[in-house]
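A.B. asks: Quick note, the sequences are listed as chains C and E, same order. Under our numbering, residues 1 to 209 are what the first sequence spells out, in order. Under our numbering, residues 1001 to 1209 are what the second sequence spells out, in order.
Just so you know, the hints here were simulated from the structure itself, not pulled from any lab data. Errors might be hidden in some of the hints.
[Unchecked claim] Simulated DEER-style distance windows between Cβ atoms:
1. C:E86 to E:R1043: 34 to 42 Å
2. E:E1115 to C:D152: 21 to 29 Å
3. E:V1119 to C:A197: 25 to 33 Å
4. C:G114 to E:G1151: 22 to 30 Å
5. C:D30 to E:D1084: 30 to 38 Å
6. E:R1043 to C:S44: 34 to 42 Å
7. E:A1197 to C:E190: 21 to 29 Å
8. E:D1180 to C:Q155: 20 to 28 Å
9. E:Q1155 to C:P187: 39 to 47 Å
10. C:K99 to E:D1180: 28 to 36 Å
11. E:L1083 to C:D34: 23 to 31 Å
12. E:P1164 to C:G120: 30 to 38 Å
On a predicted model such as this, the values are computed, not experimentally measured, just so you know. Where a beta carbon is used, it is the ideal one built from N, C-alpha and C, also for glycine.
Protein chains: 2
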Amino acid sequence: MDLGDVDGEVDVSLDYTGLQRSEQVMTESDTVRDRIAFLRGLRSVRDFRPDPVPREIVDDLLEVARWSGSANNSQPWELVVILDRETLRSLAAVEGYAKHLAGAPLGIVLVMAGEPERVGHETYDEGRLSERIMLAAAVHGVGSCIGWFAGDGRQAAKTLLGIPASRLVRTVLSLGYPDDEARRARPKREQPRKPLAEIVHQERYRDTE
Amino acid sequence: MDLGDVDGEVDVSLDYTGLQRSEQVMTESDTVRDRIAFLRGLRSVRDFRPDPVPREIVDDLLEVARWSGSANNSQPWELVVILDRETLRSLAAVEGYAKHLAGAPLGIVLVMAGEPERVGHETYDEGRLSERIMLAAAVHGVGSCIGWFAGDGRQAAKTLLGIPASRLVRTVLSLGYPDDEARRARPKREQPRKPLAEIVHQERYRDTE
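When you get a sec, could you build the whole thing from the sequences and use the hints?
C.D. replies: Right, dumping it as structure tokens:
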């Protein structure tokens, strides 16, 4: 599981190619490492600077969102893009886990179709969509955090935004440029991950409990 | 929503910087465009060449998977990595939508914790995890497709792999190098997406029905 080995492997396989090709493939290999590090490196950001996220960047997020995959390509989603600080603060105050929205210059509420017999698919697709938007934001150096409306907060959010009651509204993404100073001032939240040995099984599940 | 505008914007803002810095930032801008195109471009692949996916690449996928975000950092997942063709064919045959697994050289079954009161969070996190793994695969030119066990297929998959009945098993990812020839031979499946105007609302939901 040593990632260093991957680079090693790629380098060795290039030893016999000419310089020009080698240089080009090295660049491809760099792109691969760079992208893997990018995917591996996404972390939640809860503290935002007040600077607005430029319209062109928002358009990029929406375009990536639009092309997200979904079960049977059903695209069971709509997005409400919110810049208004008052609306963001009101949404942050409803029941749930979206307080970070109060300090964000941008929020995106995911409005799922809400077909009762497809709730599993919609929830799964909602996770896929969220991940894409957060990754697209990170490309632009924009931080993000998932907020989650719970209990009465779901209907409250729908009422605030004029969303029909039939829709499923749970996720709101807070977005903005990271406020590194505020983050450093917070008590350190470690977000360690389980080692691969604890979560990966080869060919067959081995009970590790 | 014209993506071309983004590059234009970035270029203009660099007009006043020196050549060296400009060159460097141009490269950053290229990286941004490249990454956005990468995120936007992920598509399902159902036809695979028989070539195995190298171990180093599988390690990369698992490492990206391991660092996926989850609600409260609960990491409610384990992964079963399957190369055995017989097992893959057996899984492809259970009830559900995973027939493409029969032709894949690699399958990854997502085993979710299965806590009854957290099924919503687990399903959402399962979607996030799937998206990360598929993107990490795409970085390496490895195609992927989501398979979904349904009905009795879920227990059948658990029995085949020795997974405790308490776990939630729905998703299997088929992975492998794309067989472009087979894909061209298939009837063309268009996977268009709704226009942004249909799915995006500004500040407040406007009923477009």
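A.B. asks: Now, for every hint given, state plainly whether the structure supports it.
C.D. replies: Tested hints:
1. For the hinted restraint 34 to 42 Å between E86 (chain C) and R1043 (chain E), the CB-CB distance of approximately 40 Å keeps it satisfied.
2. As the Cβ distance of E1115 (chain E) to D152 (chain C) is approximately 23 Å, the hint placing it in 21 to 29 Å holds.
3. For V1119 (chain E) and A197 (chain C), the hinted distance range of 25 to 33 Å is satisfied, since their beta carbons lie about 27 Å from each other.
4. The hinted range of 22 to 30 Å is satisfied by G114 (chain C) and G1151 (chain E), whose Cβ atoms lie roughly 23 Å apart.
5. At about 34 Å, the beta-carbon gap between D30 (chain C) and D1084 (chain E) stays in the expected band of 30 to 38 Å.
6. Restraint check, R1043 (chain E) to S44 (chain C): a C-beta distance of roughly 28 Å breaks the suggested window 34 to 42 Å.
7. Checked against the given bound of 21 to 29 Å, the beta carbons of A1197 (chain E) and E190 (chain C), roughly 43 Å apart, lie outside it.
8. Evaluation of the 20 to 28 Å hint for D1180 (chain E) and Q155 (chain C) yields a failure: the beta carbon distance comes to about 49 Å.
9. A beta carbon spacing of about 44 Å between Q1155 (chain E) and P187 (chain C) agrees with the range 39 to 47 Å that was offered as a hint.
10. At about 48 Å, the CB distance of K99 (chain C) to D1180 (chain E) disagrees with the hint of 28 to 36 Å.
11. As the Cβ distance of L1083 (chain E) to D34 (chain C) is approximately 28 Å, the hint placing it in 23 to 31 Å holds.
12. Taken as a hint, the range 30 to 38 Å is violated for the pair P1164 (chain E) and G120 (chain C), whose Cβ atoms sit roughly 20 Å apart.
In summary, the numbered hints that this structure violates are 6, 7, 8, 10 and 12.
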